[in-house]
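Enquirer: Each chain, written out:
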Amino acid sequence: MSEVRAEMVANVWKVVAAEGDTVADGDTLVILESMKMEIPVLAETSGTLARLAVAEGDVIQEGDLIAVID
Amino acid sequence: MLESVLVANRGEIASRVIATARRLGVRSVAVYSAADADLPFVAAADEAVLIGPPQPAASYLNGEAILAAARQTGAQAVHPGYGFLAENSSFAASVRSAGLVWIGPSPRSIAQMGDKINARNLMERAGVPVAAGTRESVVDLQAALAAAEQIGYPLMIKAAAGGGGIGMTAAAHPDQLAAGFETARSRAERFFGDPAILLERYVEPARHVEVQILGLADGKILAIGERDCSVQRRHQKVAEETPSPGVGADLRARMLAAAVRAGETVDYRGAGTVEFLVDVAAGDFMFLEMNTRLQVEHPVTELVTGVDLVEQQFLIAAGQDVSFASDALSVTGHALELRVYAEDSQRFLPSPGTIEEWSPPSGPGVRLDAGYAAGNTVTPFYDPLLAKLCVHGADRAEALARARAAVGAFRITGLKTNLQFHADLLESAEFRSGDYDTSLVNRLRPASAPSR
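The listed protein sequences derive, respectively, from chains A and B. Residue numbering for the first sequence follows this note's numbering, starting at 314 and increasing by one per position. Residue numbering for the second sequence follows this note's numbering, starting at 23 and increasing by one per position.
Note that these hints are calculated values from the structure, not bench results. The structure displayed is predicted, hence computed values, not measured ones. One or more of the hints may lead you astray.
To be verified - Label pairs and their in silico Cβ distance ranges:
(1) B:171 to A:370: 35 to 45 Å
(2) A:316 to B:72: 37 to 47 Å
(3) B:171 to A:364: 26 to 36 Å
(4) A:333 to B:140: 45 to 55 Å
(5) B:468 to A:370: 29 to 39 Å
(6) A:370 to B:303: 45 to 55 Å
(7) B:192 to A:370: 27 to 37 Å
(8) B:59 to A:333: 39 to 49 Å
(9) A:369 to B:60: 26 to 36 Å
(10) A:375 to B:72: 27 to 37 Å
To be verified - Sample of chain B residues with no beta-carbon within 10 Å of chain A, all distances over it, derived:
(11) 167
(12) 403
(13) 427
Here a beta-carbon is modelled for each residue, glycine too, at the ideal position from N, C-alpha and C.
Based on the sequences and whatever the hints tell you, model everything.
Expert: Set out below in structure tokens:
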């Protein structure tokens, strides 16, 4: 199981993947926005997206959980 | 001279405009969002008005709230800075309809240059060189692929309503065009409210060099030197210098003449910047876009000419002569600007946070245009620019030496900054040689190259 956490304060702009999706290492899960920049959050392992902890429009803090890959 | 000015912006550029207003005895009014109440520009102004919550759409992009603040404070003029509403022709028109002085070009000039397709077509007709590209909006992928056959690869997919490198994607072959086209359209819609796309031939390796112009009150256009902006990450500038080490006297003369022609074509007034892509191997240049406002990197031009560009904006907006003799303008020495961003210095990811220590450098030839001070919080709502560290030297070698010392002495703690990137840039053989192009940053920081 691998947790994906936020590297910085940001807004969740787009949720690209959905719970239950099969994802591969490098796939975009969500796209964050901070300081006028889009930051794709990528899967760092392959597996099933067991949990997606954010929704579009959320404001997240550094270290917040974004997703869990099984 | 104007009696008072409202600055419709924030951070370092608001402080910059207020400084000139103070020097000239012009009363200044700041407007600020709830996120910015503690920033230096709010305290620096003679008066300050809270115009809304942190979200830009509700504050710095809220024309109604800004005009209400102008009425409330009796401000005579509006200076838009850069970004936000600076290139919004309907805001410029509403400032004028409210009986206020707009410190910028006419709404018509802004609109003519704001649509990148229209601007390209206008420039082509005026004899300003443009890269091969589409002359109308590209509406679907099929049209894009067909147009690309004519233009040739590599090419750039650009938002017609865009600018400043936002929403731009390169495509080296049809597969990349297919992959990037819809993304570019949706981003153009999201960022600029207009999905129109243009395709333009991309030249690589190239330098990005721009020319500062001033449209005088009587309609005469002056070109006052170039700035090299080839040090870019994600198509956005990180460091600039003047004169450009890649532009010789002949090329410079041709670029300045083309910039004057561009200004004349749209009957330009005030400070503006004409951006070109320079094909170094061919000794040739092409029009990219015109920024119809004060440019972020204007300080390097000020350092080598001794001209305060904001003062000239005030004078021209008031219908007066500029403060210098236009036939006696000369360039002295060399100047660099390093943009200090709240971002990590390896991958350039944003790093909002609270500034603990802020110890800026000083010394001969050093100028700092800062937006923040110790104790301020840098929020995720706005761009990551903390300060512009500028240096002036008798020649490029002296400017580089002063820049190295200044970067080394600048201490910021509490959040990540790109100061280490600037230290590495100034040490790199490629930058020091002056023989560099727009892909320099990707060579210095391969891990930062865009994944899309």
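Enquirer: Decide, hint by hint, whether the structure agrees.
Expert: So, going through the hints one by one against the coordinates:
Take residue 171 of chain B and residue 370 of chain A: their Cβ atoms lie about 41 Å apart, and the range 35 to 45 Å holds. Evaluation of the 37 to 47 Å hint for residue 316 of chain A and residue 72 of chain B yields a pass: the beta carbon distance comes to about 40 Å. At roughly 46 Å, the beta-carbon separation of residue 171 of chain B and residue 364 of chain A lies outside the given 26 to 36 Å, and the hint is violated. At about 47 Å, the CB distance of residue 333 of chain A to residue 140 of chain B agrees with the hint of 45 to 55 Å.
The hinted window of 29 to 39 Å between residue 468 of chain B and residue 370 of chain A holds, with their beta carbons roughly 34 Å apart. About 48 Å separates the C-beta atoms of residue 370 of chain A and residue 303 of chain B, a value consistent with the hinted range of 45 to 55 Å. Here the CB-CB span from residue 192 of chain B to residue 370 of chain A is close to 30 Å, well matched to the stated 27 to 37 Å. Judged by the Cβ atoms, the range 39 to 49 Å given for residue 59 of chain B and residue 333 of chain A holds: they are separated by roughly 45 Å.
Checked against the given bound of 26 to 36 Å, the beta carbons of residue 369 of chain A and residue 60 of chain B, roughly 30 Å apart, stay inside it. As the Cβ distance of residue 375 of chain A to residue 72 of chain B is approximately 28 Å, the hint placing it in 27 to 37 Å holds. With a least CB separation of 24 Å from chain A, residue 167 of chain B remains clear of the 10 Å interface cut-off, as annotated. Not every CB of chain A lies more than 10 Å from the CB of residue 403 of chain B, the least distance being 8 Å, so the non-interface label is violated.
Separation of residue 427 of chain B from chain A is adequate, the least Cβ-Cβ distance of about 28 Å exceeding the 10 Å criterion.
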